[in-house]
Amino acid sequence: MKIASWNVNSLNVRLPHLEQWLATFGPDIVGLQETKLEDSRFPDAALVGAGYRSVFAGQKTYNGVAILSRAPAEDVQVGIPGFEDEQKRVIAATVGGVRIVNLYVVNGQDVGTDKYAYKLRWLEAVHDWIAQELQRHPELVVLGDFNIAPDARDVHDPAVWNDDHILTSTAERDGLRRLCALGLHDAFRLHSDVAGEFSWWDYRQAAFRRNLGLRIDLTLVSDALRARCVAAGIDREPRTWERPSDHAPAWVELGA
DNA sequence: ATGGTGGTATAACCA
Numbered sequence: 001m002k003i004a005s006w007n008v009n010s011l012n013v014r015l016p017h018l019e020q021w022l023a024t025f026g027p028d029i030v031g032l033q034e035t036k037l038e039d040s041r042f043p044d045a046a047l048v049g050a051g052y053r054s055v056f057a058g059q060k061t062y063n064g065v066a067i068l069s070r071a072p073a074e075d076v077q078v079g080i081p082g083f084e085d086e087q088k089r090v091i092a093a094t095v096g097g098v099r100i101v102n103l104y105v106v107n108g109q110d111v112g113t114d115k116y117a118y119k120l121r122w123l124e125a126v127h128d129w130i131a132q133e134l135q136r137h138p139e140l141v142v143l144g145d146f147n148i149a150p151d152a153r154d155v156h157d158p159a160v161w162n163d164d165h166i167l168t169s170t171a172e173r174d175g176l177r178r179l180c181a182l183g184l185h186d187a188f189r190l191h192s193d194v195a196g197e198f199s200w201w202d203y204r205q206a207a208f209r210r211n212l213g214l215r216i217d218l219t220l221v222s223d224a225l226r227a228r229c230v231a232a233g234i235d236r237e238p239r240t241w242e243r244p245s246d247h248a249p250a251w252v253e254l255g256a
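For the first sequence, UniProt numbering gives the first residue as 1, with consecutive numbering after it.
Hints in this document: simulated from the structure, not taken from any laboratory.
Don't take each hint at face value.
Computed Cβ-Cβ distance ranges for the label pairs, DEER-style [stated by the list, open to error]:
#, residue 1, residue 2, range
1, ASP44, GLN205, 30 to 38 angstroms
2, ALA71, ALA195, 19 to 27 angstroms
3, ALA50, ASP223, 17 to 25 angstroms
4, VAL76, VAL160, 23 to 31 angstroms
5, ALA71, LEU120, 29 to 37 angstroms
6, ARG41, GLU84, 36 to 44 angstroms
Dumping the calculated DSBU-like pairs for lysine-lysine here, alpha-carbon to alpha-carbon at most 35 angstroms [said to hold, decoys possible]:
#, residue 1, residue 2
7, LYS60, LYS2
8, LYS115, LYS2
9, LYS60, LYS115
Model, not experiment: these values are computed from the prediction.
All C-beta atoms in this analysis are idealised placements derived from N, C-alpha and C, irrespective of residue type, glycine included.
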């Protein structure tokens, strides 16, 4: 079973890319972020044509998340229970017995800003909620655009992307570490210790061509799924297509 | 330090 995460940066613009990628990569489950669509405009009929059902939580212009799956999605949860948030950043569902939590983590703008404080608060709320989810659903995958690069291997220039920089700051990385300490494992790192494999490249400065990227799109698997995690990676191909998202899909494969 | 690009309430704002 292949499970993926992709920040599409506008599903309206990227639907043809998504359809092409679904047809070639053939994931069983995909978490999408930054759909930037109200629910009434979600292209669920087109995706049925591609063989996928959709559950989604969107808004105009910003944010928006969805889970696509070949098998039905059950027990759908939108948002973090008990955490008031206008921004559509969280959707969870159970597919084929596996609980999928899809996150569009707050970007945070710059260290010390109000948005940064919101990011840290939001991460703490996610942490407390995931602790409960793990009790109810030991077979859990937390995936998404984390807007945090776990360590120095995951950035092209550790001198710039340091302890004081947004997406790599100590407090952000501590937030991710605390989440993982609940019993979640970065699937990519179960299979590789290479540096320089990224999932996001800025549109500016020809960053993709020069591989000036970060690995901020993650798939985390729970203790109970760890032994079934047979492979993980990042599919750079859609980032090479014309008018791409700035993110590439990150994926994990679970064996039987 | 700035600004570069791309998305969308097409003007700022967000990333």
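Right, here's what the structure says about each hint:
1. ASP44 to GLN205: 30 to 38 angstroms: holds (36 angstroms)
2. ALA71 to ALA195: 19 to 27 angstroms: Check failed, 36 angstroms falls outside 19 to 27 angstroms.
3. ALA50 to ASP223: 17 to 25 angstroms: Given a distance of about 33 angstroms, which is not inside 17 to 25 angstroms, the answer is violated.
4. VAL76 to VAL160: 23 to 31 angstroms: violated (40 angstroms)
5. ALA71 to LEU120: 29 to 37 angstroms: holds (35 angstroms)
6. ARG41 to GLU84: 36 to 44 angstroms: violated (25 angstroms)
7. LYS60 to LYS2: holds (30 angstroms)
8. LYS115 to LYS2: holds (33 angstroms)
9. LYS60 to LYS115: Between LYS60 and LYS115 the Cα gap is close to 19 angstroms, so the pair holds against 35 angstroms.
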